[in-house]
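2 protein chains.
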Amino acid sequence: MRNLFLTNTLSHRKELFTPVHPGHVGMYVCGPTVYGDAHLGHARPGVTYDVLQKLLRHLGYKVRYVRNITDVGHLENDADAGEDKIAKKARLAQLEPMEVVQHYTFRYHEAMRLLNVAEPSIEPRASGHIIEQIETVKKILAAGYAYESNGSVYFDVQKYNEDYHYGILSGRNLDDTREGTRSLDGQDDKRAPYDFALWKKAEPQHIMKWPSPWGEGFPGWHLECSVMGEKYLGREFDIHGGGMDLMFPHHECEIAQNVASRGTGGVRYWVHNNMITINGQKMGKSLGNFITLPELFSGSHPKLDQAYSPMTIRFFILQAHYRSTLDFSNEALQAAEKGLRKILQAYRDLAALAHAAGLESAVRGSEGSLPQALVYGEYLDSVAPDQADGASDGVRAIFEGVYDALCDDLNTPVAIAALFEAVRLINNAKDGKEPLSRRDLEVLLRLFDDIVSGVLGLRDEAGSDDGSQKVVRGLMEMVLEQRAAAKAARDWARSDAIRDQLKALGITVKDTKNGAEWTLE
Amino acid sequence: MRNLFLTNTLSHRKELFTPVHPGHVGMYVCGPTVYGDAHLGHARPGVTYDVLQKLLRHLGYKVRYVRNITDVGHLENDADAGEDKIAKKARLAQLEPMEVVQHYTFRYHEAMRLLNVAEPSIEPRASGHIIEQIETVKKILAAGYAYESNGSVYFDVQKYNEDYHYGILSGRNLDDTREGTRSLDGQDDKRAPYDFALWKKAEPQHIMKWPSPWGEGFPGWHLECSVMGEKYLGREFDIHGGGMDLMFPHHECEIAQNVASRGTGGVRYWVHNNMITINGQKMGKSLGNFITLPELFSGSHPKLDQAYSPMTIRFFILQAHYRSTLDFSNEALQAAEKGLRKILQAYRDLAALAHAAGLESAVRGSEGSLPQALVYGEYLDSVAPDQADGASDGVRAIFEGVYDALCDDLNTPVAIAALFEAVRLINNAKDGKEPLSRRDLEVLLRLFDDIVSGVLGLRDEAGSDDGSQKVVRGLMEMVLEQRAAAKAARDWARSDAIRDQLKALGITVKDTKNGAEWTLE
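Protein chains in written order, with our numbering: chain A, 22 to 542; chain B, 22 to 542.
Worth double-checking, as some hints may not be accurate.
For chains that are exact copies, the list does not tell them apart, and a pair is met inside one copy or across any two.
To be verified - BS3-like cross-link-like pairs, simulated, lysine-lysine; straight-line CA separation at most 27 Å: (1) 159 - 230; (2) 35 - 109; (3) 252 - 230; (4) 160 - 230; (5) 363 - 524; (6) 109 - 83; (7) 160 - 363.
Think of the hints as simulated: they come from the structure by calculation, not from any bench.
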């Protein structure tokens with residue numbers, strides 16, 4: 022099995038990945054708090070950890086991928102004050118909180134589906150694990166690292182820090198933390214500002230509350246991930262992912278809870294993706310640059326020059342390394358759109374060249390017949406990478422370049438650069454400049470099936486509908502015959518008219534020595 | 022507001038529907054136990070109650086629609102013996118039970134999405150409401166209608182039947198029930214065979230278990246619906262739907278639990294859809310006629326002559342009244358496919374005729390831009406029915422016929438028959454035999470938007486993809502120009518060749534006095 026290296030936030034170093042149980046990977050990623058539409062800040066971790074888990078499967082690991090839904094307990098600020106985000110939205114919309122949860126969970130699933138993000142193995146909800154969370158609070162109280170105060174239970178950070186290291190992940194120390202914390206309403210119950218809630222007392226009018234040994238209340242936000250991670254992945258598991266903004270306090274508190282309740286931090290590799298900026302600015306509702314995914318897909322936001330397809334967004338995210346900030350702009354997205362089109366066109370041409378050589382793509386045959394994620398999963402079980410032998414030096418270099426990059430801390434931009442080198446070879450072969458051997462075609466087709474379609478999860482959006490692609494291709498043949506006939510008859514007016522009519526439909530025709538070729542925008 | 026009549030299983034009569042809270046409807050429907058792919062037996066309630074809730078919204082009600090997911094506690098047989106269905110599947114597949122739950126929940130959502138079944142307002146899970154279920158068991162114990170036995174808690178049917186009527190829904194009496202019950206392993210804890218589990222003791226190796234006052238265990242299957250219905254819809258709500266096979270014991274037990282725990286049956290209208298048979302036989306794994314929805318959509322089952330599209334399945338289901346058995350056969354589905362195509366073609370022609378008269382469809386404009394259910398929801402808020410005045414007698418009769426049928430116990434087959442009458446009028450108008458007035462076109466277009474697209478939820482599947490319809494239409498114009506030119510030049514060989522090439526693509530061309538028209542299979 023190829024070696025995979027991941028940057029571990031715990032060590033700030035790139036480490037060789039070695040799983041707790043050989044051949045198996047347990048991965049937990051913080052999912053959304055479902056009180057509004059998903060935005061770019063959700064798309065990035067969605068796509069990043071989707072590619073990581075697909076790469077792990079492709080390398081031969083059996084992966085259990087847990088991505089939670091936060092449907093209770095996430096307060097408006099991280100200092101345990103303010104209203105529950107979902108309860109507030111429900112109050113404003115005059116809905117039962119679970120109606121808000123359901124609506125935005127479905128919308129989130131729809132957005133992830135369009136981004137070709139595969140479903141996690143398990144998608145647990147905070148509200149579905151109240152008993153488990155209460156049990157963990159009891160353990161932390163019993164261990165002496167928490168205290169009850171007026172119906173709420175808080176984690177005693179100072180006490181914990183005497184025995185362990187609070188700040189091990191974020192590198193913060195208590196003094197930074199104290200200064201970093203504003204004093205807020207409802208903090209009076211706490212002994213220290215940096216203590217955090219494990220269980221919050223619920224006011225009588227509060228809807229989302231459950232009975233507990235400390236009275237009616239609801240769990241603190243940080244608790245669910247400790248509890249659901251242990252329940253579904255065990256006392257110690259391999260990878261915990263999330264956005265950089267969750268490193269502190271959320272993940273720092275998670276580690277403290279894990280140590281206090283089960284004697285271990287519980288996670289071997291902490292992986293964090295960096296943030297998205299918009300024209301250099303942080304994204305924020307107040308800044309008017311807060312763009313949701315449905316707005317991106319439909320182009321319905323003042324900051325957008327046009328609609329951007331889900332695949333364009335996916336490719337745009339993969340063109341930057343997950344640990345770098347990614348700056349959003351119309352220019353950058355339009356460039357991503359062009360680059361993606363080049364790769365997908367080369368994929369089509371490659372499939373055609375391979376077909377002429379008697380080779381068939383493993384992926385494209387099943388287009389549209391099943392949800393992509395399932396086709397992918399079923400198809401993937403049958404593959405094994407590392408097979409470029411017998412190919413030309415150029416193709417072998419590309420093949421190795423792609424795998425080396427992906428296994429080097431998921432370096433997708435470098436992998437994509439290598440794929441563009443393949444695009445160049447494919448175009449040369451198509452134009453008859455540099456033919457590719459049957460083996461070269463075989464290796465490249467396998468590479469595009471496994472990596473472009475499989476691991477990177479890029480798909481031909483126009484090709485995803487049922488059969489109407491076939492109709493378009495058939496009609497195009499008829500129209501191009503007409504055009505050829507007109508040219509043969511030197512009826513230039515007629516052939517130009519056909520070209521212009523096609524252009525109006527977004528279809529560009531190019532004449533090559535193999536006859537006319539067309540691309541649909 | 023139009024009067025709606027529903028057959029109430031409690032009274033065995035058709036009753037005028039009057040909600041508990043004027044203008045609002047609370048509706049609970051039993052969802053799937055997620056341990057396998059959804060089949061026709063899931064599609065029928067999915068579609069039936071989808072149409073009911075869409076009709077209720079269209080009539081002006083604010084609907085809270087709760088459809089649960091059973092992810093724990095459903096044993097292999099209804100007598101509280103045998104293994105948990107999900108735990109068994111997990112054991113066989115060597116998966117964590119929640120992986121099985123997640124996989125089949127996503128597959129179920131995908132199937133419902135393809136069937137254009139709108140998401141419920143709330144989709145609660147049994148495993149997410151353990152605390153609430155434990156609280157209800159305590160209430161029933163306190164009321165004296167349950168007993169603890171060896172770590173399990175059973176409902177005392179005989180005791181309950183002395184004070185209330187067990188059998189009020191199904192019409193069974195205890196003796197029938199006793200005879201109807203086989204004696205099975207693990208029944209020894211029960212005082213009587215017809216007693217049912219509220220809480221089951223879990224064996225040590227059992228994974229899905231939670232702490233309770235009676236030891237570690239899991240809730241009985243019938244309990245979740247009583248508990249989640251009350252939590253999200255209140256002590257008494259309007260409609261409870263489900264398949265006829267759930268009437269006994271599931272719904273009978275639900276009523277008993279409701280009465281014992283909160284002093285009321287809790288549901289005003291019990292609505293049950295009838296079963297699906299296959300060539301006259303009951304569907305069953307043993308009979309080899311068990312066809313899942315993915316198999317139907319892809320045609321991959323020996324009993325299937327072809328693939329059937331989700332819309333064909335939906336239309337097939339709506340062509341029978343929900344209270345009649347529905348017999349599945351290839352012939353019946355192929356007939357449904359033809360009927361659906363006629364209606365959708367007429368819808369397109371109607372939109373064209375209306376467009377020529379300066380009228381636009383409210384629905385078809387937003388095609389593909391948003392998930393259908395959302396387009397539908399947003400669009401629906403803006404409509405009000407009951408407006409056929411000023412239309413011709415024929416159109417008014419159709420309009421009233423459709424609404425009368427739907428409001429008469431959801432009589433979709435009669436409503437569809439009236440719609441076929443509209444199809445006849447539209448075809449006559451198209452062929453110039455009987456023109457339709459602008460008002461007629463307006464009323465018919467509104468009827469098709471509101472009922473065909475809105476309430477019945479029938480959509481043009483070919484039209485659901487993004488933009489490639491536009492391309493097909495554009496290319497067809499070019500090809501038909503060619504054909505017209507060939508005909509004008511009396512080049513019959515050429516025009517026939519074009520017709521044949523189109524036929525090969527599944528496109529039929531028909532010459533009408535308004536020029537050539539085409540339909541895509």
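query: Which of the stated hints cannot be reconciled with the structure, identified by number in ascending sequence?
result: Checked against the structure, the hints that fail are numbers 2, 7, while the rest are satisfied.
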